[in-house]
Amino acid sequence: MERERESRLIKILSFIFDNFYLSITIGKVCQLKRGRVISKNEIEQNKGIYPVYSSQTENDGQLGKIDTFDFDGEFVTWTTDGAKAGTVFYRNGKFSITNVCGLIIPDINILKPKYLYYWLSINAKKYVKRDLANAKLMSNVVENIKIEIPSLQIQEKIVKVLDNFEAICKDLKIGIPAEETKRQQQYEYYQDAIFQYLDK
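In numbering that gives the first Met the number 0, the protein residues as written are 0 to 199.
Bear in mind the hints are in silico, worked out from the structure with no lab data behind them. In this text, all values refer to a predicted model and were calculated from it rather than measured experimentally. Any given hint might turn out to be false.
[Unchecked claim] When the alpha-carbon atoms are kept at most 16 angstroms apart in a straight line, the in silico EDC-like pairs for lysine to aspartate or glutamate are as follows:
#1 K32 to D71
#2 K46 to D80
#3 K128 to E142
#4 K124 to D106
#5 K32 to E142
#6 K83 to D66
#7 K125 to D69
[Claimed, not checked] Have a look at the derived ranges for each label pair, beta carbon to beta carbon:
#8 Q152 to S22: 17 to 25 angstroms
#9 K159 to R129: 31 to 39 angstroms
#10 K159 to I109: 12 to 20 angstroms
#11 K64 to K145: 31 to 39 angstroms
#12 K159 to K39: 14 to 22 angstroms
#13 V140 to Y20: 41 to 49 angstroms
#14 Q152 to V36: 19 to 27 angstroms
#15 N163 to N45: 34 to 42 angstroms
#16 I48 to I104: 30 to 38 angstroms
Note that beta-carbon positions come from the ideal geometry of N, C-alpha and C, so glycine has one too.
Based on the sequences and whatever the hints tell you, model everything.
What follows is the structure, given as structure tokens:
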């Protein structure tokens, strides 16, 4: 439900701010990498401050922390295998990923990592292969996903609105139950009114 709202918001914001898109596959504007095998034993023996992210989705996907890192910067990671295949995360800083994670390094002159994160949060699950015993979303599939990319300025505006939207959703989840319900109903009423108007 929340991802569906974000998808509709992206479409609306793109229409409001600009109607120009670059339609291109992810592999043309991003470099894709895989993580490495990092065992719990390795984490235990090399404790440190740098997070190691795995395919799990709890605790932001963090498996533990070690004293070295493989990546430093702003990226998007995704779960490649298992029940949570296709789950994406925005990463910013120094970290490592295990072999059941993929890493996307966008060309920042064309595509903002946070915009890609929001876009994939909505769209990545559509490409997961579930006809296997173990669900998968592999690099060769991700690199061929077609994405519509507005200008960097428009991406920045969309990211700002979606960051605020995400913050509101989190606030609603931690509020007093009665007030939370009331605020959620108000939010949904006004949001639906906007979408109904735009659908005319």
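Structure-based check of each hint:
| no. | hint | verdict |
| --- | --- | --- |
| 1 | K32 to D71 | holds, 14 angstroms |
| 2 | K46 to D80 | violated, 26 angstroms |
| 3 | K128 to E142 | holds, 15 angstroms |
| 4 | K124 to D106 | violated, 23 angstroms |
| 5 | K32 to E142 | holds, 11 angstroms |
| 6 | K83 to D66 | violated, 27 angstroms |
| 7 | K125 to D69 | violated, 29 angstroms |
| 8 | Q152 to S22: 17 to 25 angstroms | holds, 18 angstroms |
| 9 | K159 to R129: 31 to 39 angstroms | holds, 34 angstroms |
| 10 | K159 to I109: 12 to 20 angstroms | holds, 19 angstroms |
| 11 | K64 to K145: 31 to 39 angstroms | holds, 37 angstroms |
| 12 | K159 to K39: 14 to 22 angstroms | violated, 38 angstroms |
| 13 | V140 to Y20: 41 to 49 angstroms | violated, 22 angstroms |
| 14 | Q152 to V36: 19 to 27 angstroms | violated, 41 angstroms |
| 15 | N163 to N45: 34 to 42 angstroms | holds, 38 angstroms |
| 16 | I48 to I104: 30 to 38 angstroms | violated, 23 angstroms |
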